[in-house]
Every structure is written in structure tokens, then in C-alpha cells.
Amino acid sequence: GIQVEQSPPDLILQEGANSTLRCNFSDSVNNLQWFHQNPWGQLINLFYIPSGTKQNGRLSATTVATERYSLLYISSSQTTDSGVYFCAVINQAGTALIFGKGTTLSVSS
Amino acid sequence: GAVVSQHPSRVICKSGTSVKIECRSLDFQATTMFWYRQFPKQSLMLMATSNEGSKATYEQGVEKDKFLINHASLTLSTLTVTSAHPEDSSFYICSAAPWDTFGSGTRLTVV
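Chains A and B supply the protein sequences, listed in that same order. Per the numbering used here, the very first residue in the first sequence carries number 60; after that it's consecutive. Per the numbering used here, the very first residue in the second sequence carries number 624; after that it's consecutive.
No wet-lab data here; the hints were simulated from the structure. Glycine included, every Cβ here is placed at the ideal spot set by N, Cα and C. Among the hints, erroneous ones may be present.
What the hints assert, rightly or not - Pairs of lysine-lysine, BS3-like flavour, derived with a Cα cap of 30 Å: (1) A:LYS160 - B:LYS689; (2) B:LYS678 - B:LYS689; (3) B:LYS689 - B:LYS637; (4) A:LYS113 - A:LYS160; (5) B:LYS678 - A:LYS113; (6) B:LYS643 - B:LYS689; (7) B:LYS689 - B:LYS664; (8) B:LYS643 - B:LYS664; (9) B:LYS687 - A:LYS160; (10) B:LYS678 - B:LYS637; (11) B:LYS687 - B:LYS643; (12) A:LYS113 - B:LYS637; (13) B:LYS664 - B:LYS687; (14) A:LYS160 - B:LYS643; (15) B:LYS687 - B:LYS637.
To be verified - Have a look at the derived ranges for each label pair, beta carbon to beta carbon: (16) B:PRO631 - A:GLY153: 14 to 24 Å; (17) A:SER85 - B:PHE662: 18 to 28 Å; (18) B:LYS678 - A:GLY153: 27 to 37 Å; (19) B:PRO663 - A:GLY60: 36 to 46 Å.
What the hints assert, rightly or not - Here's a subset of chain A near chain B, in silico, CB distances under 7 Å, partners left out: (20) PRO98; (21) GLY100; (22) LYS160.
Sequences are here, hints too, so could you generate the full structure?
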């Protein structure tokens, strides 16, 4: 099946710093999403981005489908950005999401 | 926007008892819902796909007799953990197609 790898596994930042999270996937995909899981477990969809670049406030994402990777950029990080960031792609059957292991981000003031 | 409500958010039960978790789509109809399990500091692993009016499809390694899934209406899917044991303690999360709306999760602790 499709493999999804994320890096780095952990990231510690000072408030105001910028960061880049990476997601590599092993096969062509039609769907790639980035999620943020807050410390209480709630998953929030950040981007649906099978290709190209999108921006939403301080967050932006770029997927280069031909090279099988996606990047999530966080600028001017805030303590509320802390949590786990997951990349997920649709499985080959097209029925459900396969998640990477996530990047745990800790932003301190 | 689409909202998925999951209850309870936290449950503690004794070993050997059964626990039911509900997942509701509040403002849309969900013919398909998904159940995931997440162990501490790990990723979400798909357990099963729940289809309204038909049997659920379980992922390899997931015991269908232990994790009973019922999707009796277009807005409700339930997961029942039967004869729970401490190793079933985990965070269970549901989602509804088209995959970008998740419930808030249920933290199950079996003592």
C-alpha cells in the first residue's frame, strides 16, 4: 500500500519562528490533506492539496505531485500552533485516508 | 460547515464490559463513516469503514466480533467495544465522508 512519511518527527520552536514540515508519499495520489490535531485530540483539516500551492493566513502548503512530496509552512508561529500535524493521502481503493506518523510541534513563548 | 459529533469524549470502564461510542453527522447525511484508533503518540490507524444499511468493512487485523459497528441511519454510526480489555485502551476517532470532518474523539480507558 501507499506509504506516507513525515519529517521531522518533533519540532520545538520559539514563538515567532517559521517552520517547514515535509510529507513524502510512495505512490501517485489524487488526494492529499494536512491536518492539525490539538492537544485535546481534535483533528482539524488545514488543506486539501493534491497539487499546487495554497495559503490560509500564516499557513501555506505546497504539493509537488510528480516528485511525491508536500510541504506545510508555518510562519510567525504562535503557542496555539502546538500539536501534531498529520499528512494523509487516500488509499488505493479510494475509500479512506492513510495517515503519516505526524510531526509534533511545540511552540513556546 | 459539516459537523461530526462524537460521544462520549471520555469513558472509563471495567475489564470485560462493553462500551458504545456514537458518531453523528449533525448537518449532513453521511452514507460512509470511518473509525480510527490512535495509540499514545502514534498515528491514526483505520479500523473500519461503516456504510449505511450494510455491513462494515474491517481493516486487516481488526476483530469484527470485538469492534461491532452499526450504521443504521444516514446520520449515526456506532462503535461498540465488546468485552473490553486494558489493551483496548486508546483514542477512538470517527470521521464522515468526504474525509475532512472528524469527531472530537473518545478516550477509552479500560481498568
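Restraint check for LYS160 of chain A with LYS689 of chain B, where alpha carbons must lie at most 30 Å apart: holds, 26 Å
Is the Cα-Cα distance between LYS687 of chain B and LYS160 of chain A 30 Å or less? With Cα atoms ~25 Å apart, LYS687 of chain B and LYS160 of chain A stay inside 30 Å; holds.
Minimum Cβ distance from LYS160 of chain A to chain B below 7 Å? Result: holds, 5 Å to nearest chain B Cβ.
Is LYS160 of chain A within 30 Å of LYS643 of chain B, Cα to Cα? Distance ~27 Å between LYS160 of chain A and LYS643 of chain B Cα, so the pair holds.
Less than 7 Å between beta-carbons is the criterion; does PRO98 of chain A satisfy it with respect to chain B? violated, 12 Å
Distance restraint evaluation - PRO663 of chain B, GLY60 of chain A, Cβ atoms, bounds 36 to 46 Å: Roughly 24 Å apart at Cβ, these two residues miss the hinted range, so it is violated.
Agreement of LYS689 of chain B and LYS637 of chain B with the hint, judged by alpha carbon distance not exceeding 30 Å: holds, 16 Å
30 Å Cα cutoff - pair LYS678 of chain B, LYS113 of chain A: Violated. LYS678 of chain B to LYS113 of chain A sits at ~38 Å, over the 30 Å cutoff.
Would you check whether GLY100 of chain A satisfies its interface hint, that is, whether its CB is within less than 7 Å of any CB in chain B? holds, 4 Å
Please verify whether LYS687 of chain B and LYS643 of chain B have alpha carbons no more than 30 Å apart. holds, 14 Å
For LYS113 of chain A and LYS637 of chain B, compute the direct alpha-carbon distance and say whether it is at most 30 Å. violated, 47 Å
Given the hint that LYS689 of chain B pairs with LYS664 of chain B, does the C-alpha gap stay at or below 30 Å? holds, 24 Å
Hints 5, 12, 16, 18, 19 and 20 from the list above are not met by this structure, while the remaining hints are.
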